[in-house]
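Here are the chains, one letter per residue:
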Amino acid sequence: MTQATTAYQKPIPLKDLDNAPYWDAADQHQLALQKCDDCQAYSQPPGPTCAKCGSANVRFEQLGDDITATVYSYVVSYRPFLPGFQDELPTIIALGQLDQVPEVKIMGNILKCEEKDLQIGMPIRMTWVDITEDRALPQWIPATN
Amino acid sequence: MGIIKDRYAIVGVGESERSRKSGTTPLHLALDAAKAAIKDAGLKATDIDGFMNYNEGDSCTSHQLATYLGVRPKYVKDIQGGGASTEMLIADAVALIEAGQLNTVLIYRSMNGSSGTRVGRGYDPDMLQGALAGGSFVIPYGSASPSQWFGMYATRHMHETGITKEHLGHVCLSFYEHAQRNPKAFLHGKPLTMENYLATPDISSPFNIHDSCLELDEGNAIIVTSAEKAQDCTSKPVYIMGMSARQCHPHAHYWNDIDQVASDYVAEELYENAGVTPDDIDVASIYDCFSWVVMRQLEAYGFAKRGEVGDFVAEGNLKMGGKLPTNTAGGMLSEGYTHGMNNAIEIVRQLRHDYEGTDRQVEDCKIGICTGWAGPDIAGAMILRN
Chain A
1 MTQATTAYQK PIPLKDLDNA PYWDAADQHQ LALQKCDDCQ AYSQPPGPTC
51 AKCGSANVRF EQLGDDITAT VYSYVVSYRP FLPGFQDELP TIIALGQLDQ
101 VPEVKIMGNI LKCEEKDLQI GMPIRMTWVD ITEDRALPQW IPATN
Chain B
1001 MGIIKDRYAI VGVGESERSR KSGTTPLHLA LDAAKAAIKD AGLKATDIDG
1051 FMNYNEGDSC TSHQLATYLG VRPKYVKDIQ GGGASTEMLI ADAVALIEAG
1101 QLNTVLIYRS MNGSSGTRVG RGYDPDMLQG ALAGGSFVIP YGSASPSQWF
1151 GMYATRHMHE TGITKEHLGH VCLSFYEHAQ RNPKAFLHGK PLTMENYLAT
1201 PDISSPFNIH DSCLELDEGN AIIVTSAEKA QDCTSKPVYI MGMSARQCHP
1251 HAHYWNDIDQ VASDYVAEEL YENAGVTPDD IDVASIYDCF SWVVMRQLEA
1301 YGFAKRGEVG DFVAEGNLKM GGKLPTNTAG GMLSEGYTHG MNNAIEIVRQ
1351 LRHDYEGTDR QVEDCKIGIC TGWAGPDIAG AMILRN
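Protein sequences, first through last, are from chains A and B.
Under my numbering, the first sequence has 113 at position 113, and the numbering climbs by one with no breaks.
Converting from the second sequence to my numbering requires adding 1000 to each position, the first position being numbered 1.
Note that these hints are calculated values from the structure, not bench results.
Everything numeric in this text was worked out from a predicted model, so none of it was measured.
Beta carbons are placed, not taken as given, at the ideal position from N, Cα and C, and that holds for glycine.
Misleading hints may appear alongside valid ones.
If you want the footprint, here are the derived chain B segments under chain A, 3+ residues with CB under 8 Å [unchecked claim]: (1) 1074-1083; (2) 1155-1163; (3) 1193-1205.
Listed next, the in silico DSBU-like pairs over lysine-lysine satisfying Cα-Cα at most 30 Å (straight line) [said to hold, decoys possible]: (4) K1165(B) <-> K1319(B); (5) K116(A) <-> K1165(B); (6) K1165(B) <-> K112(A).
Required output: the full structure, derived from the provided sequences and hints.
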């Protein structure tokens, strides 16, 4: 792997008071989602309280590392709007609708995917890319890969 | 909410020069726009006792503008905002006049949107992660431009409703056609054909440069007062029939929830307040930061049924002579871009019949709609009449 010696140029997810459990799980190649104990709604991205009902009774549910989804929507980006993307154009940005929790959609790039093969409804699988020594970024790959 | 129907009016509109490189400051542009609007209304600057502006940290303050117009007003207000802020500040002005605090309010948007601060560019990525709701869940994936955010909505909506790239092209072609009749439109003299449109590569799918609004240096101003005071103005008043604004997205972070837009909720209350239906609207200004945003609003505001919006625009209904002549000065795609205020100015001019006797006038138009879109999550709109 060359990643240890080549500095990662793209933005690294910032952990804050409310989202840290999500990113801590991601660093361990796991998915954790915030869920409300009162109304049972998932909040993605996580926040200080439930975005559906305002309750403070929120906790993180561990969903593990076998995460499958289908492409709900996507954008193919031909220009870089942020540092680090200039060498990997076009960039596919997609919302994956989780098979386990269909009301939750998670944004990621679809890696190892040709633009011509991209379509709404295609099955994808979550993968985690180690971007620094201690950080990992959830991403999507076609489920057939 | 009090009944404000027909009791308030827009009595003055004005703009500065528009260019890619103004060579001057937003304060100068605001002064040019404000003076033009005050002259249009037949007022003196000192008749204005409230000044308001919306900005993204890229403008002058209302206090500065008032100062250099030689006015010491009762009230100045600067809000952070883009699309839909025109409509929301007009509502604020109406409320303050209704409360007896003010008589006449000037609202402006002034920006060096090309030569100065450009929307969505040059920001520190870490700052963006904190500034945007849920920013840490989108910025690391390269999604930092409105073209990418709204494109995500567009791809899904087009998939569900059968809207095609060519349909988006009809929106662009309609507005560019209007710009060819408007000598002040930035893209006057630069007509667009479907062939050219379809041959232009995308920036962020499904949008190419023609689907995206212009970035320009420009100042715009609008003056609002009571129907009573409007009689003292030399301009023909354009009355406010109804207004509505709304924030939506129960999940707060709109990147996760792309099936609804705030305009869906604004429409019902707007028509109820104004006491009209979509069939009564003669002319429209539909917020057009991107072509698809127009399509989605045509559906939300009831001008075409979901699934039929593509045919509606392909039939030429947004053009002069169509069912709903829209963005008749060229819109933000081809006239200029001040987060919607230039579209509001145009609807006022249409309803005053300022273009009478030319091919720019929507014949006999009486009622118009002006919609704002701050994004899928915030919308504001108003219905006006002459």
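Verification of the hints:
no., hint, verdict
1, 1074-1083, "violated (count 0)"
2, 1155-1163, "holds (count 3)"
3, 1193-1205, "holds (count 5)"
4, K1165(B) <-> K1319(B), "holds (18 Å)"
5, K116(A) <-> K1165(B), "holds (16 Å)"
6, K1165(B) <-> K112(A), "holds (26 Å)"
Checked against the numbered hints listed earlier, the structure breaks hint 1 alone; every other hint is satisfied.
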